[in-house]
Amino acid sequence: MSLTREDVTYVANLARLEFSEDEVIALADQLGAVLDYAETLSGLDTSKIKATEHVLAVQNVFRADEIESCLTNEEALANAPESEAGCFKVPRVME
Amino acid sequence: MEYEIVIGMEIHIELGTKTKIFCSCPTEFGQDENTHTCPVCLGMPGVLPVLNEKVVEYATRAGLALNCEIAHFSKMDRKNYFYPDLPKAYQTSQFDLPICTGGVVGIEVDGVKKDIGITRIHIEEDAGKLLHESADGTLLDVNRCGVPLIEIVTEPDLRSAEEARAFAEKVRNILEYTGVSDCKMEQGSMRFDVNLSIREKGSEVLGTRTEMKNLNSFRALIRAVQYESKRQIIELKKGHTIIQETRKWDDTKGTSSSLRSKEEAHDYRYFPEPDLVPIVLEPAYIEKIKSELPELPEAKKQRYIDEYKLPEYDAGVLTTTGVTARFFEDAVALYNEPKQISNWMMVEIPPLLKENEVSMENISITPAQLVELLKLVKNNEISGNTGKEVLKEMFSTGKNPGDIVKEKGLAQMSDTGELEAIIEKIVSDNPKSVEDIGAGNEKAYGFLTGQVMKATKGKANAQVANEIIRAVVAKHLA
Ligand SMILES: [Zn+2]
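Sequences listed follow chains X and H, in order. Add 65 to the 1-based position in the first sequence for the numbering used here, that's all there is to it. Add 30 to the 1-based position in the second sequence for the numbering used here, that's all there is to it.
No lab work stands behind these hints, which were simulated from the structure alone. Model, not experiment: these values are computed from the prediction. Positions of the beta carbon are idealized from the N, C-alpha and C atoms, including for glycine. Don't take each hint at face value.
[What the hints assert, rightly or not] Below, in silico cross-link-like pairs of lysine to aspartate or glutamate (EDC-like), each with a Cα-Cα straight-line distance of 20 Å or less:
hint : chain 1 : residue 1 : chain 2 : residue 2
1    : H       : Lys384    : H       : Glu216
2    : H       : Lys109    : H       : Asp62
3    : H       : Lys408    : H       : Glu367
4    : H       : Lys109    : X       : Glu118
5    : H       : Lys48     : H       : Asp126
6    : H       : Lys159    : X       : Glu140
7    : H       : Lys144    : H       : Glu328
8    : X       : Lys154    : H       : Asp62
9    : H       : Lys200    : H       : Glu83
10   : H       : Lys118    : X       : Glu131
11   : H       : Lys118    : X       : Glu147
12   : H       : Lys200    : H       : Glu181
13   : H       : Lys109    : H       : Asp297
14   : H       : Lys405    : H       : Asp433
15   : H       : Lys159    : X       : Glu147
16   : H       : Lys159    : X       : Glu149
17   : H       : Lys339    : H       : Asp297
18   : H       : Lys48     : X       : Glu149
19   : H       : Lys143    : H       : Glu328
20   : H       : Lys159    : H       : Glu87
21   : X       : Lys154    : H       : Asp166
22   : H       : Lys48     : X       : Glu133
23   : H       : Lys48     : X       : Asp130
24   : H       : Lys405    : H       : Glu454
25   : H       : Lys267    : H       : Glu32
26   : H       : Lys48     : H       : Asp212
27   : X       : Lys154    : H       : Asp223
28   : H       : Lys159    : X       : Glu139
29   : H       : Lys159    : H       : Asp62
30   : X       : Lys115    : H       : Asp126
31   : H       : Lys418    : H       : Glu402
32   : X       : Lys154    : H       : Asp115
[What the hints assert, rightly or not] Derived Cβ-Cβ restraints for the label pairs, each shown as a range:
hint : chain 1 : residue 1 : chain 2 : residue 2 : range
33   : H       : Val353    : X       : Leu100    : 50 to 60 Å
34   : H       : Lys278    : X       : Leu100    : 34 to 44 Å
35   : H       : Gly147    : X       : Val126    : 44 to 54 Å
36   : H       : Gly136    : X       : Ala80     : 41 to 51 Å
37   : H       : Tyr315    : X       : Ala122    : 35 to 45 Å
38   : X       : Leu109    : H       : Gly132    : 28 to 38 Å
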């Protein structure tokens, strides 16, 4: 198995996900299997292949520096669970 | 043991584009909260960011001005972390393939010149602004989310607070010239992060460093470096080890404190941004931007020395900011007396700026008005001292010097008839002085000149007055 329970807990914490002990065990198995499968790619000789920087063969998609209309304050805050004084309100952050 | 301070800096600079980096919202500062947003910069699911071409142009320009290599191929990446000022929970930035690498900036501290290496410059988006004004929460303004930034990362080449300041000022100076940013510290357009460590002088090994983020004035930069280097040296002298950590600088208290976060340090899990395609810059594009670069401070300074025959000191002061240099050049174009203009700009104008708390950008005097004033002095219509008074008045009222002179009746008395009458009376009233002069005491002339100036409220043309005094005294002695 390529993935330990510690790996799962570590990644879960970075992603702000919480799992029970049983779930961690199951995920280590399942994600490990996915990684093992992906590992078969390492068997290929890629020494003559250029590294893939991006999956699309497209480059230089730009827009002109021109102002277009914005959302109103009300529209911007429409989905906010909480708002105050024209702002999104979030749980207190320590400065 | 002698210690050495080792500093590397990261400088964030907001680019002066009209719109944000990935959407068409304006970047204007100081607007009502959450009025410059759209689904892209609010981080709504399913939106497609598109890179602003001006951001690429400005970053290239900045890189060239700071002597960097411009990458033929670069790409955007996602830097993942959770913080409420970042609606997407990732910052779109550049990781392994930044747009500029390997630059250098020359600085000078106490007459010693030194080159500071630039590791890289990358483009990224700014975060929103958190306001701590609510009683039971934190408020978020998204207007600043997506304002384009460049981050300039230096080599650990700086050795003192003075060098850090000199470097930061030089970078600001150069970027202000190139027009990629207004570099306004008070609006957060330029912010510094400092990585600092201490090692034994002569050692090649770097000590453990701490990082201080978001220093937003030169003063804060200097004080934070001084405080942190002292703190680390004291720790080391006590035999303690330095903990690698991020520290928060409190500019009011003048101290820094640990921001020990329980979170794993810096695991940003960068990966290529799938919504934005790579940036490929052809040599012709880079060459074109290079050819359009304005004259940079160093070159301008040299030209002032060669072309205008100014002392190196004057040339240095006048080229400190683009605004000052432009004012000077506009004035010289109207009146070919560079040294005169330089003197007034360096000696008379700065105290007035300071007194009135305005910067050169918002100065109420135009180059044409300064030139008019200098011509009045040159033509003896007013004395140099009156000129200074008029300048003060121009500063506060914005009026033309000629009008001020007329309104206040400040014109010099060059009318010999009128002056002769005054001088005749003063000489008659001061026989002792005449006697002294007769006995060979030339100093007595000074006293008489002073009396004339007093009688004319300083308006007498000094040269004309002196000639008349000598003639009248000679007559009395005869
Ligand atoms: Zn937007």
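These are the hints, each one checked on the structure:
1. A hinted pair counts as satisfied when its Cα atoms are at most 20 Å apart, and Lys384 (chain H) with Glu216 (chain H) qualifies at roughly 17 Å.
2. Restraint check for Lys109 (chain H) and Asp62 (chain H): the C-alpha separation of about 28 Å exceeds 20 Å, so the hint is violated.
3. For the hint pairing Lys408 (chain H) with Glu367 (chain H), the CA-to-CA distance comes to about 10 Å; that is within 20 Å, so the pair holds.
4. Taken as a hint, the Lys109 (chain H) and Glu118 (chain X) pair is honoured in the structure, with Cα atoms around 16 Å apart against an allowance of 20 Å.
5. Taken as a hint, the Lys48 (chain H) and Asp126 (chain H) pair is broken in the structure, with Cα atoms around 28 Å apart against an allowance of 20 Å.
6. Between Lys159 (chain H) and Glu140 (chain X) the CA atoms are separated by roughly 19 Å; this keeps the pair inside 20 Å, and the hint holds.
7. Pair hint Lys144 (chain H) plus Glu328 (chain H) holds up; C-alpha atoms about 14 Å apart against a cutoff of 20 Å.
8. For a cut-off of 20 Å, the pair hint linking Lys154 (chain X) to Asp62 (chain H) stands: about 16 Å separates their Cα positions.
9. Distance check on the hinted pair: Lys200 (chain H) and Glu83 (chain H) sit about 26 Å apart at the alpha-carbon level, beyond 20 Å; violated.
10. A distance of roughly 23 Å separates the Cα atoms of Lys118 (chain H) and Glu131 (chain X); the hinted pair therefore is violated under the 20 Å criterion.
11. Distance check on the hinted pair: Lys118 (chain H) and Glu147 (chain X) sit about 18 Å apart at the alpha-carbon level, within 20 Å; holds.
12. Taking the CA atoms of Lys200 (chain H) and Glu181 (chain H), the gap is near 15 Å; set against the 20 Å cutoff, the hint holds.
13. For a cut-off of 20 Å, the pair hint linking Lys109 (chain H) to Asp297 (chain H) stands: about 9 Å separates their Cα positions.
14. Proximity of Lys405 (chain H) to Asp433 (chain H) is assessed by CA-CA distance (about 14 Å); at most 20 Å being required, the pair is judged to hold.
15. Taking the CA atoms of Lys159 (chain H) and Glu147 (chain X), the gap is near 17 Å; set against the 20 Å cutoff, the hint holds.
16. Pair hint Lys159 (chain H) plus Glu149 (chain X) holds up; C-alpha atoms about 14 Å apart against a cutoff of 20 Å.
17. The hinted pair formed by Lys339 (chain H) and Asp297 (chain H) fails the criterion: a straight-line CA distance of about 56 Å is larger than 20 Å.
18. Annotation: proposed proximity of Lys48 (chain H) to Glu149 (chain X) is violated, straight-line Cα distance about 28 Å (limit 20 Å).
19. About 13 Å separates the Cα atoms of Lys143 (chain H) and Glu328 (chain H), which keeps this hinted pair within 20 Å; it holds.
20. A hinted pair counts as satisfied when its Cα atoms are at most 20 Å apart, and Lys159 (chain H) with Glu87 (chain H) does not qualify at roughly 26 Å.
21. A hinted pair counts as satisfied when its Cα atoms are at most 20 Å apart, and Lys154 (chain X) with Asp166 (chain H) qualifies at roughly 9 Å.
22. Annotation: proposed proximity of Lys48 (chain H) to Glu133 (chain X) holds, straight-line Cα distance about 10 Å (limit 20 Å).
23. Between Lys48 (chain H) and Asp130 (chain X) the alpha-carbon distance is near 6 Å, which keeps this suggested pair within the 20 Å criterion.
24. Distance check on the hinted pair: Lys405 (chain H) and Glu454 (chain H) sit about 31 Å apart at the alpha-carbon level, beyond 20 Å; violated.
25. Annotation: proposed proximity of Lys267 (chain H) to Glu32 (chain H) holds, straight-line Cα distance about 11 Å (limit 20 Å).
26. Distance check on the hinted pair: Lys48 (chain H) and Asp212 (chain H) sit about 12 Å apart at the alpha-carbon level, within 20 Å; holds.
27. Taken as a hint, the Lys154 (chain X) and Asp223 (chain H) pair is broken in the structure, with Cα atoms around 28 Å apart against an allowance of 20 Å.
28. Among the hinted pairs, Lys159 (chain H) with Glu139 (chain X) is consistent with the structure: their alpha-carbon atoms are about 18 Å apart, no more than 20 Å.
29. Restraint check: the Cα-Cα separation between Lys159 (chain H) and Asp62 (chain H) comes to about 12 Å, which is no more than 20 Å; the hinted pair holds.
30. A hinted pair counts as satisfied when its Cα atoms are at most 20 Å apart, and Lys115 (chain X) with Asp126 (chain H) qualifies at roughly 16 Å.
31. Taking the CA atoms of Lys418 (chain H) and Glu402 (chain H), the gap is near 13 Å; set against the 20 Å cutoff, the hint holds.
32. Under the criterion of a C-alpha separation no larger than 20 Å, the hint pairing Lys154 (chain X) with Asp115 (chain H) is consistent with the structure, at around 11 Å.
33. Here the CB-CB span from Val353 (chain H) to Leu100 (chain X) is close to 58 Å, well matched to the stated 50 to 60 Å.
34. In this structure the supplied range 34 to 44 Å holds for Lys278 (chain H) paired with Leu100 (chain X), their Cβ-Cβ distance being about 38 Å.
35. Our hint of 44 to 54 Å for Gly147 (chain H) and Val126 (chain X) is violated, since their Cβ atoms are close to 33 Å apart.
36. With their beta carbons about 45 Å apart, Gly136 (chain H) and Ala80 (chain X) fall inside the hinted range of 41 to 51 Å.
37. For the hinted restraint 35 to 45 Å between Tyr315 (chain H) and Ala122 (chain X), the CB-CB distance of approximately 20 Å leaves it violated.
38. The hinted range of 28 to 38 Å is satisfied by Leu109 (chain X) and Gly132 (chain H), whose Cβ atoms lie roughly 34 Å apart.
Checked against the numbered hints above, the structure breaks hints 2, 5, 9, 10, 17, 18, 20, 24, 27, 35, 37 and satisfies the rest.
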